[in-house]
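Just so you know, the protein sequences line up as chains A and B, in that order.
Going by the numbering used here, the residue at position 286 of the first sequence is 286; the numbering climbs one at a time, nothing skipped.
Going by the numbering used here, the residue at position 34 of the second sequence is 34; the numbering climbs one at a time, nothing skipped.
Source of the hints: derived by calculation from the structure; they are not laboratory data.
Built from N, CA and C at the ideal position, the CB exists for glycine as well.
Mixed in with the good hints, there may be bad ones.
As the list claims (entries may be wrong) - What the simulated footprint calls covered on chain A by chain B, stretch by stretch (three residues with Cβ under 8 Å from a Cβ of chain B suffice, anywhere in the stretch; the number is not a length):
#, segment
1, 66-73
2, 234-246
3, 286-298
4, 309-319
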Amino acid sequence: MVATAGLLLSALVFSSSTAASYDYPVQDALLATVIGTRAADEGPVPKKVPTKVRSIVRFPERDIPDVFWNQDEFRYTVSAQKKGAPLIFIVAGTGASHRSSKMLYLRRLFFSEGFHVIALSSPTHPNFILTASSSGHPGYTPEDSLDLYAVMREAYSELASKVSIHEVHLTGYSLGGTQAAFLTAIDDREGAFHFKKILMINPSVDLFASLRILDGLFSDALPDGAESVVDLVERLLAGVSAYSQEHGLRSLDDELLYKIAEERIAEGRPPKKRFLAGLIAASFRLSASDMFFTVDVLANGGHIVPKDTKLGVGASLEPYFRRSMSWSFERYFDDVLLPYWQGKGGDLDLGREALIERASLRSLAVLLREDSRMGAVTNADDIILSAEDLEFLRTNMGDRLKVYPVGGHCGNLSYRENSEYMIRYFKEDTP
Amino acid sequence: MKNRIALVLTLLLFATHFGCATATEPLPEAAPLAGAPYDPWEPMNRHIYRFNANFDKFVFLPLVSGYRFILPQFVRTGVSNFFSNIGETTIIVNSMLQFAPVKTAKSVARLTVNSTIGIGGLFDVARHWNLPGEHEDFGQTLGFYGVGPGPYLVLPILGPSSLRDTSGLAVDWAMTGVPLLLWVPAASPYTTGASFLSAFQTRDDLSFSYGELGPFEYLLIRKLYLEYRELQVAN
Chain A
1 MVATAGLLLS
11 ALVFSSSTAA
21 SYDYPVQDAL
31 LATVIGTRAA
41 DEGPVPKKVP
51 TKVRSIVRFP
61 ERDIPDVFWN
71 QDEFRYTVSA
81 QKKGAPLIFI
91 VAGTGASHRS
101 SKMLYLRRLF
111 FSEGFHVIAL
121 SSPTHPNFIL
131 TASSSGHPGY
141 TPEDSLDLYA
151 VMREAYSELA
161 SKVSIHEVHL
171 TGYSLGGTQA
181 AFLTAIDDRE
191 GAFHFKKILM
201 INPSVDLFAS
211 LRILDGLFSD
221 ALPDGAESVV
231 DLVERLLAGV
241 SAYSQEHGLR
251 SLDDELLYKI
261 AEERIAEGRP
271 PKKRFLAGLI
281 AASFRLSASD
291 MFFTVDVLAN
301 GGHIVPKDTK
311 LGVGASLEPY
321 FRRSMSWSFE
331 RYFDDVLLPY
341 WQGKGGDLDL
351 GREALIERAS
361 LRSLAVLLRE
371 DSRMGAVTNA
381 DDIILSAEDL
391 EFLRTNMGDR
401 LKVYPVGGHC
411 GNLSYRENSE
421 YMIRYFKEDT
431 P
Chain B
1 MKNRIALVLT
11 LLLFATHFGC
21 ATATEPLPEA
31 APLAGAPYDP
41 WEPMNRHIYR
51 FNANFDKFVF
61 LPLVSGYRFI
71 LPQFVRTGVS
81 NFFSNIGETT
91 IIVNSMLQFA
101 PVKTAKSVAR
111 LTVNSTIGIG
121 GLFDVARHWN
131 LPGEHEDFGQ
141 TLGFYGVGPG
151 PYLVLPILGP
161 SSLRDTSGLA
171 VDWAMTGVPL
181 LLWVPAASPY
191 TTGASFLSAF
201 QTRDDLSFSY
211 GELGPFEYLL
221 IRKLYLEYRE
231 LQVAN
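Kindly generate the complete structure, drawing on both the sequences and the hints.
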């Protein structure tokens, strides 16, 4: 009886190839976002590809606070072919580094298909903020994209001095996808790369709306803030502990969540929506807090760390960690970002709504509509897109937009069918 | 979202960092949390942490990449297996001390099979016979007998530990030292070579890279280490 119910639920949540069109197995958007794709379902990529971590010192005169002692240069990853080849730039999602697992997957995928690959951290990642952001106040996409463009130029010349580059492509996931569109607009003016093809993977249409969704997940799923997070993590640890008691510690690999979810679904007690929403919200908040803290210390802003506090190498950061974690993105926007850009005056002394509008893909509607080099892939159930956002992409991009029925936010990014699509997209002459 | 493993790890990590952060936002000077990791030597630990990161960047990783360049993968796998096989004695002794007959028997079988058919431990034959390696060390044995981790400790070059686990490490080293000396003549260039080889191989097997986890990396690694050791002790 229980077993039957388990199987039924299992069929509901992990569908086993009924729809002829698309077989990504996780039907629930939140679950897909958390557990992603298991290795067996990923595209066939080599485990190891040639990897060089390179660095750039963009602002040699910048005084980086002691507390960031290992962040003195901008770091990015290159996987270069031995002979001349097309190059593809990959831009990471919010808060992610050039070495995040999604970046690693994309780099392996494109390298194995004959591209040179340059992988770049998001302008919202601490290393980027400290070493490559001109303003030190990331979050306003048009300006962040200018910084990205500058480091892309340097990374390009470094690679071009060693090996021939035939043409240049661009991709990015999540916020990195959104930035790909802004980078295309910049390149149309500056002309350093003349991108041949651009692919946005699960882009956010309106970053502020997407981040408000994630803030909302946090306050819904973790209503008591810190207390709820403690509770959430204790439940997660209990789950991990129970699983490891049964299957041994060797089972604690990067498919752990996938396996736990699978087992629980088979037992008829699938993970609760609220729990999954909590995990997503807390994980996002964790990377946002890195950004809040970094921005505040670099600018001596006094929001997270009291003004003029000298944090040495040995300083305990726990109080500031707690404080950063309690900040929502909206608060960062209103208390830090908006005053900063308005204080600069000039072109960017805009009202709140105007600034948000300019940072949204809506401001690039003409480009998306008319530029046939641009494509996008997303999911009908991507949690960071509203119905209007999806409609906006559909209206403006037509058949250059590929929408998968499921996958959540980037959950199916490394799924084999998605991988094949991305390769085809860059290799074929027409979209 | 963040990658999956980071999700698991980081969430494992920050369980107790939140105790009293409430909507009213305590001042940064707020009292330490109940249940927060016990780290009375934090300033010293953080300095050692930085030393380790620099050592890794300027000494260890360049050497390891040379090592990788010189020795092909199958040789490195052999090296890795060889040292694991020597470490098997530690696992056997600690499993016995924890009254774990199944683990003990498995490890004895592994040591026997790998030392003979596996040509002195160069091949992990036992793994293919459904006898994967276990992990037990004297720190876990102490934990088994109810010894808590004590103060968190970052060891030079070796990284995260605790007072309990560092004591355990000393005992384990004494235990491995004896069988190692049976293989390699003491105080010869070979022993030095063997220790270097072992160190390179350990680093080669580890995919961690300093500075990628952001400004709170120290806190996250500390939490991860302590939680993971709890799981190891419980298993």
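task = Check each numbered hint from earlier against the structure, then list the numbers of those it violates in ascending order.
result = Structure breaks no hint.
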